[in-house]
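Peer 1: In order, the protein sequences belong to chains A, B, C and D.
For the first sequence, this note's numbering gives the first residue as 188, with consecutive numbering after it.
For the second sequence, this note's numbering gives the first residue as 188, with consecutive numbering after it.
For the third sequence, this note's numbering gives the first residue as 188, with consecutive numbering after it.
For the fourth sequence, this note's numbering gives the first residue as 188, with consecutive numbering after it.
Careful: at least some of the hints might be erroneous.
You can't tell identical chains apart in this list, so a pair holds if it fits in one copy or across any two.
In silico EDC-like cross-links for lysine to aspartate or glutamate, where the CA-CA straight-line distance does not exceed 20 Å [said to hold, decoys possible]:
hint, residue 1, residue 2
1, 317, 449
2, 457, 326
3, 457, 442
4, 298, 288
5, 208, 251
6, 207, 468
Since the hints were made in silico from the structure, they are not lab data.
All values derive from a computational prediction rather than experimental measurement.
Protein chains: 4
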Amino acid sequence: MKLGVIGLGRIGTIHAENIKKLSDVELYAVSDVREDHLKNMAKKLGVRKAYKDPYELIEDPQIDAVLVCSSTDTHADLVIACAEAKKHVFCEKPLSLNLEDVNRMIEAARKNKVILFAGFNRRFDRNFRKVKEVVEKGEIGEPQVLKITSRDPEPPPIEYLKVSGGIFLDMTIHDFDMARYIMGKEVEEVFATGSVLIDEEVAKVGDVDTAIVTLKFKDGSLGIIDNSRKAVYGYDQRLEVFGSKGKASADNVRENTVAITDVSGDHTSKYLYFFLERYKEAYFEELKTFVKNVMNNEPPAVSGEDGKMALVLGYAAKKSLKEKRPVKLEEVMK
Amino acid sequence: MKLGVIGLGRIGTIHAENIKKLSDVELYAVSDVREDHLKNMAKKLGVRKAYKDPYELIEDPQIDAVLVCSSTDTHADLVIACAEAKKHVFCEKPLSLNLEDVNRMIEAARKNKVILFAGFNRRFDRNFRKVKEVVEKGEIGEPQVLKITSRDPEPPPIEYLKVSGGIFLDMTIHDFDMARYIMGKEVEEVFATGSVLIDEEVAKVGDVDTAIVTLKFKDGSLGIIDNSRKAVYGYDQRLEVFGSKGKASADNVRENTVAITDVSGDHTSKYLYFFLERYKEAYFEELKTFVKNVMNNEPPAVSGEDGKMALVLGYAAKKSLKEKRPVKLEEVMK
Amino acid sequence: MKLGVIGLGRIGTIHAENIKKLSDVELYAVSDVREDHLKNMAKKLGVRKAYKDPYELIEDPQIDAVLVCSSTDTHADLVIACAEAKKHVFCEKPLSLNLEDVNRMIEAARKNKVILFAGFNRRFDRNFRKVKEVVEKGEIGEPQVLKITSRDPEPPPIEYLKVSGGIFLDMTIHDFDMARYIMGKEVEEVFATGSVLIDEEVAKVGDVDTAIVTLKFKDGSLGIIDNSRKAVYGYDQRLEVFGSKGKASADNVRENTVAITDVSGDHTSKYLYFFLERYKEAYFEELKTFVKNVMNNEPPAVSGEDGKMALVLGYAAKKSLKEKRPVKLEEVMK
Amino acid sequence: MKLGVIGLGRIGTIHAENIKKLSDVELYAVSDVREDHLKNMAKKLGVRKAYKDPYELIEDPQIDAVLVCSSTDTHADLVIACAEAKKHVFCEKPLSLNLEDVNRMIEAARKNKVILFAGFNRRFDRNFRKVKEVVEKGEIGEPQVLKITSRDPEPPPIEYLKVSGGIFLDMTIHDFDMARYIMGKEVEEVFATGSVLIDEEVAKVGDVDTAIVTLKFKDGSLGIIDNSRKAVYGYDQRLEVFGSKGKASADNVRENTVAITDVSGDHTSKYLYFFLERYKEAYFEELKTFVKNVMNNEPPAVSGEDGKMALVLGYAAKKSLKEKRPVKLEEVMK
């Protein structure tokens, strides 16, 4: 099986390097708009083809599947082109900031019978997967309250924020997907509140940097997501599900198991700094799952519909923040 | 200093027994409407006087201060009678379910120059106090997000729920007080959502058994409270404050420090079952603080205004749940 | 039931105050060689009688049982006098530094049919009791390796060390008792090694301040005790039992459950500083057990024989350290 | 740089696969006495040469360095042949069970100016490295007591035990190396005790399956190692260093960070099962260090002398167990 990667930014490079570690799969071609970068990376990765134009990569008849890791605004056209070229496609999150585009992507994949895999890497974290398994097996009974804490170590540049779609579509979107994944049920209503507490510049681009989102699932169970753009102590990724028979929680991940004890108490190690460290293994598991799904012609582990629902939740949160009221998903769903 | 206790239910008895452990303070008189119970308890506690009529206790010239631990609907009249008799008064939470009554209680204490101490025992828990201290010292910088988890091991009887004022005035009221205490700032707006997930009977009395309340403080910082009436694993009392320089969290309290490790992992001990076990020490610290406040003629550690604000927050949450929208405190404040 | 306490030092005072908290038991008399201290304490404790001469206390016909908390060298004569006066007796650890004296104490109690209770307070710590229970129930299978860590926060004064009998009879004696208690079996052989690593003065009085003792039980199972006279981080009291089906461990006890997380990781609270804090509850449980044993005319929870065996283990460790070889208990047992 | 691997058992295969993951290094040749296995592995690993005779591999002029992973009895001759062929050599632990052989290996490497790297993988575990760093930086002051717990999940086959050299040379040898590594000082005296508690067959081959070794370092600081061949709960690898300013401890490693809380308490995940899982990352770090040492012509991170000292400690422990007395290293050192 031969794979192509479009977009060799931070995430595209992770995927490309992970492909190299797999047997039975070849990293055949890469594409990037920055010519020099493309050349360097192509050499470093040892690929056969390096296309400046991503559509040439998509059209290359040697390629079986494509990973779309370019900027969000290019996702829709590239994914649809992949589908029409009968290539299976892995698309980084968010599929698009535009719901109609997402609908078109899903439709293109359906019509052309290719797999559209939405890149929600956190589903493949060993800790969250374990919680999912515990919930699914009924070990904590009926899930009643889900709590997700998700904090970044540092805010992205303001320039990035301007085009990011806002905190709910850029950052919380991961947590929206996680909420649906862990609970195994759909959300009915969203209430979002937020503030600018870290950097006043964020307010100027119409966004917030600290947010809380309350979810009400269709069966009445509840969810809370709390986000911050800046946790000085590092990436904070935890969740807890409370159910009728108990609770399951996934704690954050530390650098090591060492504790130092001195006159002021016990001191344990730092959390892993950011997503590259924390989700390194998860990115690899995600890729393996995509490859397995393609090889076995299975439905993707994370579908285009999953990508769409996370976006819909983001829309609802955005509307809720703006209109200062709870918003039902049907109000924003198309 | 001589004390009287009105109401010898579960909490009144704790206070009475704690008074016995203090030196320099005498448990002089008790009062309870149940004549037999009163006799037995008076004997067991070794008090000088046992009054069926609480107003006789209040009028007893030997008594310096009174603890009002009778049913909530009697608080206002008793507290006001205490104040007029120039007795310092400790009043169990909630001060009243009626905001006008609370205003009258505060006014009576003010006018008669007596201390009105609101019985929010959790402020005296060693763990939460430590978090308060950490926040006050600025160790975590500016507090931005507060998260309180508060779950009971078992729902009270439906009969109790009917007169309780609902989950926000009965249960969350503790968390509202804790939120103000820990953050050291006032709430501006409340959004509450809830469901009946444990017992259908709760719906019939117009209440919920699982709830999430989102708080927005006046400076934009945020808070979340999640409540459940039934955590099968025992009383769950935790909180976390996230700030610009780090976070501080108080974990729940276990029976012991023992861990058993077997083929399925590590197993630690149970949480303390309920408030009598968990807050045993806190009740004693609370009483000592009340006595100290009276003896030193200090402002009470927890004031009537504190009691009022917790009630106002409960009103706002109730209104929010009913009207399905965020509610500003000024809408319910009188 | 009326009790007398001989010796109002640190431990004697704890016992006296604990007796005051019990119902059905009266602290009837106290005795101390320091006249002023005796007067003050007698008044503070509100006892009926204060004897400078402990033998007068023992002879007082009103007294049912005596707690001997005076200096170790007085234990034997006082305990024997108690026994002969038909008073049940609680004796602080060590019963004596002289094995023949201990034999005489045990014999006196046996002949006069009184209870001789050896004051090993740690057996009553809730954490260690839980481990004992786990081991006894077979939850970890057959116990194979016991590990005890026991470190003091600060060394005692050199003057104290001179008369203490050395680290094994003064400090490790608690751990020897704990080893027999937890494992429920007898030791056959002891190997001790030690060094002076904290204070050179300790070497001058012929003692060590850091020690490791290896135990071999009669069935071949093994034990390790590690001691230090100075853990800067506070009292360190932990143990672990490893067995054929798993392990059980009791962690040290902290001041609170708060953790602060900052750029360098998680920071939890200090350990409780020393035995008065750590074993406060255990001392009370110990006293209640003694009272219960006396009232029910039961065999004592910790017997004179238990006190003797801990001493024998101390003798063996001392001999092992001196002779640099493992020592069998029969070599030092009389 | 071209590498050859001799011996494609469990460990040799790990090293071979790890070499494949490195850039700038080529796995050039492999050797194994089992012809079929050699063919299969050579194909799977994609190496240029597969030698049945390890000496042919050693003589291959293309090869720069060799990893000796064959059975222990072949180490000495192979390592010496490598040295004489001017090949740098990595030798799995133990270098040999024969001290004279080890001396010859060290001498051969010295004379031929090649690196002899002793394969103590645990030194490269991120947790133990962190403790080493903490100790070296003086964060816990002067180290006084080291405690190592090292337990396997299951005993090896009796056939293996017969040729293993006994628990101290086969299993504890890792801990002896760890003790020297962490403490950064040499041992003077060893006392070992042990029992057969798991499988009676072990006694028949003259070995023990449960052991405790006490170490006395030259400066008087102390160490304890406790070993068991069978911890039902999985591989148990922990250590603690206690010093004049505090303690540092490395806890065991779990499968994930998930905790489930139910009516009986908190339940965390299992430990990683055995060394392949636990030290996966450490093996890779070890290999990278060997390659780096060779490339930079540095002294090896773990030297032949280190390999020798671990063996000497094993000899001393063996002698101590047999003669039931503490043994000084000079008694067994040659």
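Peer 1: Within a copy, between copies, both or neither: where do residue 208 and residue 251 come within 20 Å Cα-Cα?
Peer 2: Intra 18 Å, inter 25 Å, cutoff 20 Å: intra-copy only.
Peer 1: Classify it for me, residue 457 with residue 326: is the Cα-Cα distance of at most 20 Å met within a copy, between copies, both or neither?
Peer 2: Only across copies: residue 457 and residue 326 sit 17 Å apart there, 31 Å inside one copy, limit 20 Å.
Peer 1: Since the copies are identical, ignore which copy is meant and state whether residue 457 and residue 442 lie within 20 Å (CA to CA) inside a copy, between copies, both or neither.
Peer 2: Cα proximity of residue 457 and residue 442: in one copy and across copies (6 Å, 19 Å).
Peer 1: State whether the alpha carbon distance between residue 207 and residue 468 is at most 20 Å within one copy, between copies, both, or neither.
Peer 2: both (15 Å within a copy, 19 Å between copies)
Peer 1: As a check of your reading, is residue 317 near residue 449 (CA-CA no more than 20 Å) within one copy, between copies, both or neither?
Peer 2: between (34 Å within a copy, 16 Å between copies)
Peer 1: Quick one: residue 298 to residue 288, C-alpha cut-off 20 Å, is that within a copy, between copies, both, or neither?
Peer 2: within (15 Å within a copy, 68 Å between copies)
The structure shown violates none of the earlier numbered hints.
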